[in-house]
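Residue numbers (my numbering), protein chains in the order written: chain A, 6 to 68; chain B, 2 to 393.
Simulated from the structure, these hints should not be mistaken for laboratory data. Note that the structure is a prediction, hence the values are computed from the model and not measured. The beta carbon of each residue, even a glycine, is placed where N, CA and C say it ideally should be. Any given hint could turn out to be false.
Think about it this way: if two alpha-carbon atoms lie no more than 25 Å apart in a straight line, the pair counts; the simulated SDA-like pairs of lysine to any residue are [said to hold, decoys possible]: (1) B:Lys15 <-> A:Gly57; (2) B:Lys263 <-> A:Ala26; (3) B:Lys296 <-> A:Gly57; (4) B:Lys263 <-> A:Gly57.
Which chain B residues stay away from chain A? Per the calculated CB distances, all over 12 Å, these [as the list claims (entries may be wrong)]: (5) Lys107; (6) Leu143; (7) Tyr167; (8) Arg172; (9) Phe176; (10) Leu196; (11) Thr334.
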Amino acid sequence: MKRSFLQMWGWPIAIAVSTLAGLIAGLVGDGGWDLLAAIALGVPALACIWLGTRRRGQASRAP
Amino acid sequence: MTPTAIRRWSWIHKWSSLICTLFMLLLCLTGLPLIFHHEIGHLLGTEVEAPELPAATPRISLDRVMETAIARHPGKQGMFVSQEPDDDRVWYVTLADTPTSDKDLKQVAVDARTGQPLAEPKLDEGFMHVMHSLHVDLFAGLPGTLFLGFMGVLLMVAIVSGVVLYAPFMRKLDFGTVRRDRTPRTRWLDMHNMLGIVTLAWASVVTLTGIINTLADPLIDLWRSDQVSEMTSQYKGLPPPARMGSLQAAVDAATALEPEMKIRFIAFPGTSFSSPHHYGVFLRGESPLTARLFKPVLVDAQTAQVTDSRALPWYVTALLLSQPLHFGDYGGTTMQILWALLDLATIIVLGSGLYLWLRRGTRTAENSRQAQPGSMPRGAPAQSPLLSRESR
């Protein structure tokens, strides 16, 4: 069974869009923009930690 | 994707990454301390600290700042004077034997309010200098820089081919799956794919901006021969001035032109950021974006009259914009930490890629014994929906 485009690329695209939004938000301004940049750029960083350290039991419960 | 196409992309991915991996590991490792260079400088005591004085303390003339600096190194002359964007209490004066010297440079940090010398930051020694040199040019000057730029191009090829290969590898796996109960090779393959695809956008931006940064010297040379020579055409053929006029007067003339802007740095006549007849005064804006984009004002070094001021050409603008996006220094401490985490993830991607290549011999043996869905597809990708379901 073949995976649909969204099944395959949905998360990678969402994470890439968040990364780029974070990189740009930081350039736009300080204060609130820096916070937005931290949140958006935090998505790939936290995804690395979460996916890289979760145990198998959690993986099977994931939707 | 046809088996032939997969084989071709695998070949591209393998060789582009194999050639650049060791250099990229070096860049990731040396880049890590560079992310925190201000903090490390603070800890090592090499960061210049200005004494506390009332905020309204008037600033002294730059001509006096220069006298202080040159008194520390008689015989040398001014090359650059600069100020950090977040601290206008300190001037950093760079001195050299000639305006085009690239060795025996001396820097003196001078208090902008008292004219006292504060420190002499070492430009060519110390831990951070070693990290910086390894990161920027491998101690080999422009050829080293351009070589690293070429390695960056190979990394970009590896990233693109890795994305192309991601689909056939992940046909039967959920996003982010790391099969921990399998052989180390499968586990590290999954880790490589997961970290690679999650850090894709960040790694691409840092790689592309890194490549642009390696072209800094040629781009500045291009700007000088292209725009500066046009801006100063009326001086063509004239001998360079024997005596320079007041630096402060030149800076005043430049800031009068753009009263809203602040000084980022001043280049002395004859350096690569000016002409033999001019001070190059580089002004900056206040927002995170405009603080990076300079407005050059060329001021006649004798008369202190503004000769010309033009917006930077697109290629220098691209260079200046690529700097923050490579350094990650524009979003406070949180961004620095995220930069370090993504850098560490990239180190794991590089290391696991190398490991997968070193352990390539075990793949075929393993695959023939037990079909490994999602393993390195060689020829036709492994087809075993049963096993792939079981692994979840």
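Hint by hint, here is what the structure shows:
1. B:Lys15 <-> A:Gly57: Holds. B:Lys15 to A:Gly57 sits at ~23 Å (cutoff 25 Å).
2. B:Lys263 <-> A:Ala26: Since the Cα atoms of B:Lys263 and A:Ala26 sit roughly 28 Å apart, the hinted pair is violated (cutoff 25 Å).
3. B:Lys296 <-> A:Gly57: violated (45 Å)
4. B:Lys263 <-> A:Gly57: violated (45 Å)
5. Lys107: For B:Lys107, whose nearest Cβ neighbour in chain A is about 34 Å away, the distance exceeds 12 Å, so it holds.
6. Leu143: holds (28 Å)
7. Tyr167: B:Tyr167 is in fact no farther than 12 Å from some Cβ atom of chain A, at 8 Å.
8. Arg172: Per Cβ check, B:Arg172 is inside 12 Å of chain A; nearest 6 Å; violated.
9. Phe176: Since the minimum Cβ distance to chain A is about 4 Å, B:Phe176 lies within 12 Å and the statement is violated.
10. Leu196: The claim breaks: B:Leu196 does not keep its Cβ more than 12 Å from every Cβ of chain A (closest is about 6 Å).
11. Thr334: violated (9 Å)
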